[in-house]
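Dock chain C against the given chain E, drawing on the hints supplied.
Heads up: the protein sequence lines correspond to chains E and C, in order.
For the first sequence, the numbering used here assigns the number 24 to the initial residue and increments by one for each residue that follows.
For the second sequence, the numbering used here assigns the number 1033 to the initial residue and increments by one for each residue that follows.
What the hints contain is simulated information worked out from the structure, not anything from laboratory work.
Quick reminder that beta carbons are idealized off the backbone N, C-alpha and C, glycines included.
Incorrect hints may appear among the rest.
[What the hints assert, rightly or not] Distance windows between CB atoms, simulated: (1) C:1370 x E:134: 49 to 57 Å; (2) E:142 x C:1177: 55 to 63 Å; (3) E:134 x C:1234: 36 to 44 Å; (4) E:169 x C:1644: 18 to 26 Å; (5) C:1381 x E:169: 51 to 59 Å; (6) E:63 x C:1600: 36 to 44 Å; (7) C:1060 x E:63: 52 to 60 Å; (8) E:175 x C:1556: 29 to 37 Å; (9) C:1284 x E:26: 17 to 25 Å.
[As the list claims (entries may be wrong)] Some chain C residues judged to face chain E by a derived CB distance under 8 Å, without partners named: (10) 1221; (11) 1228; (12) 1294; (13) 1341; (14) 1392; (15) 1640; (16) 1644.
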Amino acid sequence: MYRLRVNGRDSALDVPGDTPLLWALRDDLGLTGVKYGCGVGACGACTSLVDGQAARPCVRTVEECADSDVTTIEGLGGDHPVQRAWVDLDVAQCGYCQPGQIMAAVALLAEDPDPDDAAIDRALRDNVCRCGTYPRIRAAVRRAARIARGGVA
Amino acid sequence: MIGRRGFLVGAGVGVLAVSVPLPALAAGEWEPNVLLRLDSAGGITLTLPRPETGQGVRTVAAMLAAEELAVDVADLRFVQAPGDTQRYGPQSIGGSRSVQQMTVPVRTAAATARCLLVAAAARRWGVPVETCHARDGAVHHRRHGRLRYADLVDDAAAIDPATIEVTLIPRPRWRVLGGRGGRIDARDIVTGRARYGIDVRVPDRRVAAVLRPPWIGARLDTVDDSAVTGVEAVVRLDPATGVQGGVAVIATSTAAALRGRAALRATWTGGTPNADSRAWLDQLAAAVPAPEPFAHTATYRLPLLAHAPMEPMNATAHVRPDGATLWMPTQDPGGHRDRVAAFLGVDRAAVRVEPTLSGGAFGRRFETDFVMEAVVCSRAVGKPVQVVWTRDDDTRHDSYRPMSVHRLSAEVDGSGLPVRRAHDVATWPLSIFPAMPPDLVRLIGDQFPYTVPGDVRIALLPAPLRTGFWRAVYAGQFVYAEECFLGELARRARADQVDFRLRLLGESRLRPVLAAAGERLRPRRGRVRAAACALDYGSACAIVVEADRTGTPTRVVAAVDVGTTLHPSGLRAQVEGCVLDAVSTVFGAQVTVRDGAVVESSFRDYAWARIDQAPDIEVLAVDSGAPIGGLGELAYPPAAAALATAWSMARGEPVTGMPVNRPVG
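Excised from the complex, chain E in its bound form:
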């Protein structure tokens, strides 16, 4: 039995310790917003925050994450500046990679509240979007930064 704090709630996971955190979140805790894209940490679709840092639950085991604080897309609240910016600019096409993109952007803005395009590209380089929403993602991260500063009505 492993204990984690997930989206502000204490959760107990009765799974083998080597279970990837991704499948525990999706199958055992019902957090299907955390997307499976590759299982090898190469696409970023599952990006979530583990102890405040962007992480890939598909390559973290439950055992490694025991007692950690995990935030998934479901824990972002719905009105986060990044989520608002994503809706404002109609970023998503299929939308499947976007929870991971959004969580990576959240982690970036926590470190750098006013990133330029180069910083955005560096932070999101390993989040694949197969639909080609990258130009809108860039614009949405900049917009989210402005929203967070109170610069957007």
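Same frame as chain E, but now just chain C:
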């Protein structure tokens, strides 16, 4: 035609009449046709006939209905139609046809409801219909005030639609169409609430992971599951059942199924363990038809491409003795329903297909393999089974875009413009149609829009692995080769790529489109400018690319004429997506085969573009007012050719294939 109860006659644009009486369901509920339901509590529910895979088709349907109902998109609730083409008409999403085919039925369905509501109000008030109008979910009259739709539902349901005239709202009065609306699924997507196929959770769900052939065409010989623990069943998948063959491990969770799969020991036989995609390309090169070429020639070698949608293949099936229910991302809900019914030997009415949101498709979700795996597994264990493909499965067991070799040749005039052309191609058919005649390949692929007479000759060799529809299908290869060659001729003539093409276009619909893109992206010092065009799917598209001295694209301007732009953000998104597909495939992504197996296994080695490779993209809508055309695939072939040509101009070396910057195959 939009189905039995909403059967339309005289479905021209403008005035329509509705035949077949439309019975109300119950007091306070009204279904004017199969797509709409209104109730006396004020609810308006639109049934979305086609599935969403990121192309925005749900949003366009919502905008069409909201416009004609005189409400906002936010006033509508949505239900996704199950696979039932008898009831909903064509539902497949492919060939860039969805919006073309859907516009008249959805607009007409909503307009019919509006006109019946207006007629009901006019009767209630005892005034002529012409003095009433619908706005914001109510019918208004100058003297009588307003009646909400909710209060008119029962009256409207009692009117025979055949007795009223149905008119569409003309374009100058559009409030919703052509406006700023975003995706109807946007909130669900950014909160993680959006449900894709892989997110289906039904009671008693089991998950299956499938051990697949280690080389192309390998058949399972022996399987030893003695080391497999913690699973519910191990099921052999017979290739004869429509799947590619393998061993399914069925468990109560995905992690357990994958753990079980890893513990299987299997031996395999047959197939082509020595296959190599470089040899396939050489075989195609040797098969290119070889008539007497013109003076200028070039040859282009194109690779295998995988679809690689972000959501790997998956399907959930519950097979019961009397039928089946399936939940999955699909591009062909009706076709999948029919094939499952045929496989199970039941009437199609006994099979229900519920399309979920789809995390990309690009042609892949027309295939039946992932669907039948779920069906076979569910039948074996008598419970709902969700088959989940890993990324490795998805990349290495795809239905790939065929390889091809193109030899282009041209006779040119004194200014370097082609006056005769020849295009000789060797490629493979698509696996769904192994006997595909070369003429059909030509019909799909050869979309040459310029006034240069010539011949296209095609040789088809049997496909050595499974091939399938990939965004733009054969046009992705043919237009790429044609436009790269035109770019090469312009380069040899030291001509501007835009002007060169304008001189070859005649009276084409492409002329104003290319001119608009060229005007927007003028040549600059220190940069090269390339261009390419496509005239396909009833639409026109020109792409102009600017690149720096290394050939890296810095800016892309696309101009498109789809006739009338219904959803501007969606139109731009489809073109942006095509440009990124082009960046990906021109600058690195390809599938290779060595020792009988696909080498690539994830986005680590299938080198799809990342955000730092995305150029600035501007999309111009150049509406000609022509009948609405398709868009989803249109911009990919010219974008790829323009990017490759810009690379070639910047580096002073010809394009020889795709990708441009590494060996092909």
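Against the structure, the hints come out as follows:
{"no.": "1", "hint": "C:1370 x E:134: 49 to 57 Å", "verdict": "holds, 53 Å"}
{"no.": "2", "hint": "E:142 x C:1177: 55 to 63 Å", "verdict": "holds, 57 Å"}
{"no.": "3", "hint": "E:134 x C:1234: 36 to 44 Å", "verdict": "holds, 41 Å"}
{"no.": "4", "hint": "E:169 x C:1644: 18 to 26 Å", "verdict": "holds, 22 Å"}
{"no.": "5", "hint": "C:1381 x E:169: 51 to 59 Å", "verdict": "holds, 54 Å"}
{"no.": "6", "hint": "E:63 x C:1600: 36 to 44 Å", "verdict": "holds, 38 Å"}
{"no.": "7", "hint": "C:1060 x E:63: 52 to 60 Å", "verdict": "holds, 54 Å"}
{"no.": "8", "hint": "E:175 x C:1556: 29 to 37 Å", "verdict": "holds, 33 Å"}
{"no.": "9", "hint": "C:1284 x E:26: 17 to 25 Å", "verdict": "holds, 22 Å"}
{"no.": "10", "hint": "1221", "verdict": "holds, 4 Å"}
{"no.": "11", "hint": "1228", "verdict": "holds, 6 Å"}
{"no.": "12", "hint": "1294", "verdict": "violated, 11 Å"}
{"no.": "13", "hint": "1341", "verdict": "holds, 6 Å"}
{"no.": "14", "hint": "1392", "verdict": "holds, 5 Å"}
{"no.": "15", "hint": "1640", "verdict": "holds, 6 Å"}
{"no.": "16", "hint": "1644", "verdict": "holds, 4 Å"}
The structure fails hint 12 only (numbered hints given earlier).
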